[in-house]
Amino acid sequence: AQSVAQPEDQVNVAEGNPLTVKCTYSVSGNPYLFWYVQYPNRGLQFLLKYITGDNLVKGSYGFEAEFNKSQTSFHLKKPSALVSDSALYFCAVTTTGGFKTIFGAGTRLFVKA
Amino acid sequence: DAGVIQSPRHEVTEMGQEVTLRCKPISGHNSLFWYRQTMMRGLELLIYFNNNVPIDDSGMPEDRFSAKMPNASFSTLKIQPSEPRDSAVYFCASSFERGETQYFGPGTRLLVL
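Note that the protein sequences, when read in sequence, are chains A and B. So the first sequence is numbered by the working numbering: it starts at 1 and just counts up by one. So the second sequence is numbered by the working numbering: it starts at 1 and just counts up by one.
Reference listing, derived: stretches of chain A covered by chain B, where coverage requires no fewer than 3 residues with Cβ under 8 Å from a Cβ of chain B:
no.	region
1	42 to 52
2	103 to 112
A short list of chain B residues far from chain A (calculated; beta carbon distances all over 12 Å):
no.	residue
3	Glu-11
4	Val-12
5	Gly-16
6	Arg-64
7	Ser-66
8	Lys-68
9	Ser-73
10	Phe-74
11	Lys-78
12	Pro-81
13	Glu-83
14	Arg-85
15	Leu-111
16	Val-112
Keep in mind that the hints were calculated from the coordinates and are not lab data. Idealized CB from N, CA, C, for every residue including glycine.
So here's chain B without its partners, still in its complex pose (with noise of 0.2 Å):
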């Protein structure tokens, strides 16, 4: 298996602009978890979803974040607008079954001027 793919792997954009992150989770794994890792604030859960559905998202930072998994195998995770705050590390991660091994992407970087 090609583990967690995640695209793009580093993204550029200016403020004020839409910003999509793209996951593709291993196959047969059932649950989708979103994160953002900062050196400020460490690694932080944004949301996560359980067999397409989304359980937690008291993470998401603002009502400009959105994610959505339209089917097991892909989701995505949108800024709108973007602000230079939001520069980070976004990370996908998947497991078999919530509360199991999460199998980690290799991240987006993230950098909004």
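Looking at chain A on its own, in the form it has when it is part of the complex (with noise of 0.2 Å):
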């Protein structure tokens, strides 16, 4: 079955700090791979995605993530965490064909100041 996998409900770090949100998936073919964002009371924004060419990808906001065909996995990273980066981010995966999107369970990012 497709499906993505992110193993963290919540991470935490501390303001400065590097982080990694984590985020695997199970998909046949070669999906496109989506970060989004969601502050509280907004919808989902995006961020950053992943379709081919370079494993490291940058995104808005400082953000980036890279691509590992092996792991199957797409990791969220920034170098330095903003108390404002607080947030849920979603992984997301879409099908080859374009036919589905399927999107992981959300991992809540706390920075503390």
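These two chains come separately, so use the hints to put the complex back together.
As structure tokens, then:
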């Protein structure tokens, strides 16, 4: 079955420290990979995506993600966390052919000042 | 562009009443998605349309739910009759092509008493 896993319900990090939010997937073919962020009482907002090419993708607000085909992972990273980065983060995978996008369960990021 | 527009933003109704949620996608986008978000079940895809045609409605919970897209600029999600377990935030999203980045509306927060 095709799936997306975000193994951590919550990630806590101190402001200024690097952060990583993990995502692994199980999808056949060559999927498109996305990260979205959701702030309280808002809809999801696009952060970045990987389709092809360089395994390191840069996105909005200083975030980046590394695609690892052998480990089927697409972890979200930021070198220096901000308190304002505190939000709910979703990894998503679109199956080959674009017929369906599967979202992970979400990881809540808390950045402490 | 104003982004994806949803109305109403909040809806409080009594069990058994009909509820209609509305969505205007971004102009030029040909895929439209309806999601439901709850604490218990996370983000669930209910149905999606491509070029105004329903492609996958396997996520629609039961016959009480129906969705239409009469034209490229408008979609509705209807619940009849509503039940307390339908209480959730309902999001509409659109994308230029299926499989591409999805742009989410602000959501409709539904409370069924």
